[in-house]
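Novice: Take a look at the letters that make up each chain.
Number of protein chains: 2
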Amino acid sequence: MTSTGPGRPRDPQVDRRIGQAALDVFGELGWAGFAMEAVARRAGVGKASLYLRWSSKEALLNDALTTGLVRISDVDTGTVHGDLIELATQMIDLYLGPASRAAMRLNLEARTIPGIAENYAAMRTAQTRAARAIVRRGIDRGELPPETSVTLLLDTLVGGAMMHALNTPAEKRTPDHARDLVDFLLHAVAVL
Amino acid sequence: MTSTGPGRPRDPQVDRRIGQAALDVFGELGWAGFAMEAVARRAGVGKASLYLRWSSKEALLNDALTTGLVRISDVDTGTVHGDLIELATQMIDLYLGPASRAAMRLNLEARTIPGIAENYAAMRTAQTRAARAIVRRGIDRGELPPETSVTLLLDTLVGGAMMHALNTPAEKRTPDHARDLVDFLLHAVAVL
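Quick note, the sequences are listed as chains A and B, same order.
Residues in the first sequence are numbered from 6 upward in steps of one, following the numbering used here.
Residues in the second sequence are numbered from 6 upward in steps of one, following the numbering used here.
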C-alpha cells in the first residue's frame, strides 16, 4: 500500500505522526470528513508528501489502522490467566488511548466504507481467531474446564474491558483492573 | 420540549415515524448531517410540520433519543436473576434493533454536541443508577454475596450483551442468550 521513491528514505517519526493524525481526523470527523489535506495539516506536513507515500486516502487510513490498533495475535504468555490479562490490558489501553475514537468510529462506519470494509473484516477475523486460540490453549492445558463457553468468556472479557475504559471516571480506575476483571471471569468458568 | 398548537391533535403514529426517522438520520450521518429537512424527508412529512412540533433540531433529537432508547429504570421482576436477564435483553434488543446505529453514534459523539450532551449525561446517570440498584437489591435480599463487585458484574453484563449483539452472526444467535449470559456471570459472583 505504501511506496517510497528512490533517494527518499522514510523518516519513521514522520510516518508515526502522519499515522496518528490520520486516526485523529478519522476519529473526529469520520469517513465523511477524512481528507488527505486535513491529515497533512494535522501532521504538519505537506499534502504532496502524503501523496508520495499513499496513493489514496483509503490506503492511508488502512495503513494507519493496521499500525495503530491493537494486535492480539502474538499474545502467548504461557498461561491462560496471563494471556487474558494481556488481552484485557490491550483493550483497556486501546479505548483509553489516542486511537480510541478511531476504534469506535470504525465499529460504526467500517462496513460502509469501500476499500476499508475488507481490511477491517480481515483484521477482526484475525483478532477473533487469536482470542479464541488463547481460550482453547487454556482448555488444552487443563487450566479451564472443557465445557468452557469460549464465546461467553471472550464477549464478557472484551465488552467488560471496553465498558471500563469508556465509562469509569479516571479517579476510579486502577492499574490492576485487567487482572481483577480476568479473576472475576475465571470464577465464572470454574467448575462449581 | 414539544408543543402542540390548538386544534392540532397529534397523531402518535406520525410522531413515532418522525422519531424513528430522526434516529435513522442521526445514526447514519451523525450530528454533522442531522438536519430537520433530512428527517422530514425520511419520515415523509413536511418540514413545516416538524417545526410546529420542535423548535430546534436539538429538541427533536433529544425527544427521539428519550423515546427510542431503552429505559431500565422500571426493571423490577422481584429477583436479581430476572432483573439481570431483563437488562441483558434490553441491551441486546437495543443493539440489534432500529436504534442501534443511533446508540453507537451517541456513545461516540454525544459529549461534543451542545444541547445533547447534558440530556445524554443525565440519561446515562439515571441508567447507571437503576442498574446498580438492581444488583444492590439482590445483595439486600441475600441472592448475591455482600462482597459482589457491582461494577464488574454490570460492566461484563452490559459489555457482553453489546458484543453479542454487534458481533455474533445472526445464525448463531439464540433467544436464550440473555439467560445464558446472566447464568454465566452469576457463577462468577457465587461464593466458591
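Hints listed in this document are in silico derivations from the structure and should not be mistaken for laboratory results.
Any given hint could turn out to be false.
As the list claims (entries may be wrong) - Non-contacting residues of chain A with respect to chain B, defined by C-beta distances greater than 12 Å in every case (computed):
| id | residue |
| --- | --- |
| 1 | Met41 |
| 2 | Ile77 |
| 3 | Gly83 |
| 4 | Pro103 |
| 5 | Ala166 |
| 6 | Asn172 |
| 7 | His182 |
| 8 | Ala195 |
Claimed, not checked - Here chain A is said to cover these stretches of chain B; the calculated rule only asks that three of the stretch's residues, wherever they fall, bring their Cβ under 8 Å from a Cβ of chain A:
| id | segment |
| --- | --- |
| 9 | 110-118 |
| 10 | 165-179 |
Here a beta-carbon is modelled for each residue, glycine too, at the ideal position from N, C-alpha and C.
Novice: Determine for every hint whether it applies to the structure shown.
Specialist: Evaluation of the provided hints:
1. Met41: Met41/A is indeed farther than 12 Å from all Cβ atoms of chain B, at 19 Å.
2. Ile77: The assertion about Ile77/A holds, with a minimum of 15 Å to chain B.
3. Gly83: Given a closest Cβ separation of 24 Å, the condition holds.
4. Pro103: Given a closest Cβ separation of 15 Å, the condition holds.
5. Ala166: At about 7 Å from chain B, Ala166/A fails to clear the 12 Å cut-off, so the statement is violated.
6. Asn172: violated, 8 Å
7. His182: Given a closest Cβ separation of 9 Å, the condition is violated.
8. Ala195: Contrary to the label, Ala195/A does not stay out of reach of chain B, its closest Cβ about 7 Å off (not over 12 Å).
9. 110-118: holds (count 3)
10. 165-179: The restraint on the segment 165-179 of chain B holds, since 8 of its residues have a Cβ under 8 Å from chain A and three suffice.
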